Structures are given as C-alpha cells and as structure tokens.
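In order, the protein sequence lines correspond to chains A and B.
Quick note: the first sequence uses numbering that gives the first Met the number 0, first residue 0, plus one each step.
Quick note: the second sequence uses numbering that gives the first Met the number 0, first residue 0, plus one each step.
In case anyone wonders, no lab produced these hints; they're calculated from the structure.
Any given hint might turn out to be false.
As the list claims (entries may be wrong) - Covered stretches of chain A (chain B as the covering partner; in silico rule of three or more C-beta atoms under 8 Å from a C-beta of chain B): (1) 38-45; (2) 62-72; (3) 103-117.
Claimed, not checked - Okay, the calculated beta carbon distance ranges per label pair: (4) B:S245 with A:K47: 49 to 59 Å; (5) A:R1 with B:M92: 37 to 47 Å; (6) B:P81 with A:Q15: 44 to 54 Å; (7) B:G194 with A:P179: 24 to 34 Å; (8) B:K180 with A:R176: 17 to 27 Å; (9) B:T109 with A:F101: 39 to 49 Å.
Stated by the list, open to error - One-sided and incomplete, this derived list gives chain A residues near chain B with beta-carbon spacing under 10 Å: (10) L3; (11) P100; (12) E121; (13) V137; (14) K146; (15) L149; (16) T153; (17) T158; (18) F162; (19) L164; (20) S193.
No experiment lies behind these values; they were computed from the predicted model shown.
In this text, a Cβ means the ideal position worked out from N, Cα and C, and glycines have one as well.
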Amino acid sequence: MRDLHYEVQHHINMRQGDIAPTVLIPGDPDRPQLFASLMDKAEKVTEKREYVTYTGTKDGVPITCTSTGLGTPPTAIGVEELCRIGAKNIIRIGTCGALQPFLKPGHMIIATGAVRGEHTSEELIDMEYPAAADYRVVRALVDACKKLGLPYHTGIIRTHDAFYLESPWAHGDYKARLKPWVDMGVLALDNESSTLFVIAAMNNVRAGTILSSGYSILEEHPEQDRIHAEENVKKMVMAAIEAAKLLDERGLA
Amino acid sequence: MSEVLPEKQEGESDMKKQHHIDLLPGEVAQTVILSPDLDYAAQIAGHLSNSKVTAKKRQYATYNGEWNGVPVSVTSTGIGSPGLAIAVEELIMVGAKNFILFGTGSILQTWMPVPSLVISAAAVRGDGTSREYFPLEYPAVADWMTVEVMAETARRNSVQALTGYVRSNDALFAESIYAGKINYLKRSKPWIDAGCLATSNEAAALFTLAAVRGCRAGALVFALSSLKRPYTSTYLPSGTVEKAFSEAVRTTLDAASALASFNN
C-alpha cells in the first residue's frame, strides 16, 4: 500500500516539511495574504485551486496559513492533507452568522464543539461521533483574546452546508429553521468547523476555531451588511496568530 | 459517615421534593460527583468530611460533605443514560451547576495499560436518551474548563490519566466483552479506529444535557475491562486495581473542589 504521508499532497500541493506545526485555515483564499501582512515575515509557499498557503514567523514562531475554500468538501480535503504532512494544531479562522442576541461586531467566538449539520464528515464517520475542539487550543485562543483585550465567547457553534437556507438572505423562513439551535444555546453558524474537528480528532491532531462575530442574524439591524468589517477580521487573525504562539510556548507545537 | 436519614420536619411537603432524587432546593452542593455504581458513590462519599446521606430513593442516593473545605455532593444514578438524565435534570432544579461523572468502562485501545484512567473530552452519542433530547448532529463535548481542571489535577497528583474521546451506548451486552452472540468487536471497530479510548455508558447524555442547560460537565472513566479480558484483578499484581481506584477517586474529588471555586 502506498504511504501517502511522504508524497506531495494532491490538492494543497505540499509535502512534509512544507508547513509549520500550527496551521491557520481560513475559507477565503484572499485571507492568507492578510495573515502574511500581520506576520514579522511571511512568504507564499504554493497556490493550487482554492488552497493558498503562506508560511511565516511571528516573534520567532513559525506559523502557516492555508485557505481551504468555502464549505466542508474542500475543507475536508485540505485538513486531511495537512494532517498527513504533519500539522500538529489546525485552527480555523473566519466569519460567521451570529445567533445569540448578546453577540456584537468585534466579539470573538471560540468554538468548543460544532453541530454536524453538514454531510462531509458523515461520510467519514457516523453522526454519533462528536465534533469537538481540543481544550488546549480553546485555552490558547481564550488566552490570546484576553491578551489582546478582545471580548470573546466560548461555546458550541453549528456547521452546515447550504448557506442560502440559513442566512439573512435565505429562502423561506430561516428563523424558524434556526430556532431549535438558538434555543439550545448554539452561538453561531459557519460552514467548515465540524468537519475540521472530526477529521483532526480521528488523526490525533488538535483543532480549534475562532470566528469574528456580527449582530445576530435573527435581528434586523441597519448595519447588518457591515458586520464583517475588515478591522474585526484583522483582530480575529491576530488572536489566532497569538494563540499559535502560545501553543508553541506551551510545548504543543 | 452517618447512615441515618434525616427525620422529616413537621409540615414539610413532599411536593417540593424532586420526584426521583428526593431532594429539596438547596439540598445539594454546586458541584456534584455522579456515580452510576451505587457502591462507588458510597465509597467516594466516605472520603468527604462531614459526610451524610441526604436522600435515598430507588438507585438515587445523595451524600453531602466537604472536600478541601469546599461543599461537594455525590449522587448515585444507576447504570445507563435514562437514569442519569433524570438525576441531572432534577439536580439542576435543586441547585447543581457542575458535574463530574465517575464512570466505569472498557479499555478500547490495545496500547493502553490495565487499568486505565480516562478523562473524557467528548463522547460518541451511541445512547438513546440524548437522541430523544437533541438532534444527533449536536456534539457531546465535555466542558473544556472541566477537562482542563481534571487533566491539571491528575498531573499535580502524579496520576497517569489519558485525555480523549469515549464511546457511550446503551446495551452493554451488545458492545463489550460480556456480549453473547453479538459480534461486539465488529460493532466497536469504527470507534476504536477513530481513536476512542474507552467506553462510558453515560458520558454522552451528561455532556449534551449539561451543555444545553448551561452547566459544566466532565467525566473520569475508571476502565478495568478490555475487549480482550473481562474485569478481573486476578492477573494483575496485587494492589494494582485498588491503587488505580484510589487515584481515580482522589483525582475526581480534587477536581470537584477545584471546579467549585469557579464562578458560574
């Protein structure tokens, strides 16, 4: 049988040694460039399809950023390949649809687990299996937010596939569709995290997610369109970089 | 420890008492150790200072006392998620906020020592109770701070504990060494391949219920049997099981008192 671990990975176009122990994964292929601008120095490693990779250092700590594209199918491919070439920590960075009324723009959401409302991870393992973030990554993200003075919330989020069924621009009554999750205290919606958590756990890799929040998508708000201001996204990426440094400092990278 | 149940006060109404656990509001500490095994509950409670039985009904016995100067309760739940869910719901109604499950289970990985202590970070939802409550895609995740406190407590006590996922299910005789004609190894394979460390019947129901009710929950699994050998201490060096058990109890109690100092 071929040992896939030593080959150049088909989609992310990298092999062992090409990434730092901690990898940040945004969905948006433009975001690795924002990541690079916040590092002391960083260079593009490769680009293929939606998988764009930059690696750099911040205060001497090497960190990689690989975009996965939006949605769980390409995320699963990217995460699986990153696990195969030696990633130790994978942190999803991104935006979300906030679900609770106490969430506001500028708040950070740190996922402790994710509802598996997508199908990709179900093809890998039965739905009974939990999509959970690693508590040490959660701790690093919490400490990073504290250090940077960013308001944050920890809790369970919901990952799903069909954006146009559960968003302010959705078909039909998206509020009714979301109500059970809101009642269960789910903080926000994204389109990638549960797949990341399942695949990382199955590969013995630590994973976590930090998301930049907006106003609850269940409320009408005049500024609803501006919720993902670049400034807040930038703070979120800075928190993830800080968390990567803390993981390294704690011997977890 | 007093085994005498308190006399019912005059005029005290049974109506206010929770139907199964037989406790009134305030008759439980903020932090509760849950033990599916009734004997283990009594043994754990025996370590508490000023320990007394506050209530006893069906499989539910609740002991109140102190550990490290902090109020801690121990409640027995009986085996399985249905009985545990009742206890958790009722304990929350009388004031409980933090839960640590002291579970027993089976070792799932061949590289693990016998016995093993497993701190559960999350659980596979193979049980029926949590399905009736919440859609299956909702994750059974332990409270991350509770996991952190338990791992830190074990480290501080120089206790070897592994942190990882556990498999919860209902039918012991379908998925354990005790199974009859059912191919339990085949049933267990997906969870073993996914890296689950041990079984714990009740963890998934506890984690989901506690998370949705806004409470903290964690679980320590004292794993004695494996998929190759039933629970027996006969092939182990004398004292091995007793030592592991007392380490597990100590870790659970220390973690419980540490949790109790959190602001909820």
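Any CB of chain B closer than 10 Å to the CB of T153 of chain A? Check passed: Cβ of T153 of chain A comes within 7 Å of chain B, closer than 10 Å.
With a cut-off of 10 Å, does the beta carbon of E121 of chain A approach a beta carbon of chain B closely enough for the hint to hold? Holds - the Cβ of E121 of chain A comes within 10 Å of chain B, reaching about 8 Å at its closest.
Mind checking the CB of P100 of chain A against every CB in chain B and telling me if the closest is under 10 Å? violated (15 Å)
Could you check the hint for me, namely that R1 of chain A and M92 of chain B are 37 to 47 Å apart, CB to CB? violated (57 Å)
Would you check whether F162 of chain A satisfies its interface hint, that is, whether its CB is within less than 10 Å of any CB in chain B? violated (17 Å)
Taking the least C-beta to C-beta distance, is S193 of chain A closer than 10 Å to chain B? Holds: closest Cβ of chain B sits about 8 Å from S193 of chain A, inside 10 Å.
For the restraint on T158 of chain A, tell me whether the closest CB of chain B is nearer than 10 Å. Holds, because the Cβ-Cβ distance from T158 of chain A to chain B comes to roughly 9 Å (cut-off 10 Å).
Does the segment 103-117 of chain A contain three or more residues whose Cβ lies closer than 8 Å to a Cβ of chain B? It holds, with 6 qualifying residues against the three required.
Double-check V137 of chain A for me: the hint is only fine if its C-beta lies closer than 10 Å to a C-beta in chain B. Holds: closest Cβ of chain B sits about 5 Å from V137 of chain A, inside 10 Å.
Closer than 8 Å, Cβ to Cβ, for at least three residues: run that test on the segment 62-72 of chain A against chain B and report holds or violated. Since three or more residues must qualify, the claim that chain B covers the segment 62-72 of chain A is violated, with 0 doing so at under 8 Å.
Does the closest beta carbon of chain B sit nearer than 10 Å to the beta carbon of L3 of chain A? With a closest approach of 17 Å, the L3 of chain A hint is violated.
Supplied distance hint 17 to 27 Å, evaluated on CB atoms of K180 of chain B and R176 of chain A: violated (44 Å)
This entry does not satisfy hints 1, 2, 5, 8, 10, 11, 14, 15, 18, 19, going by the numbered hints stated previously.
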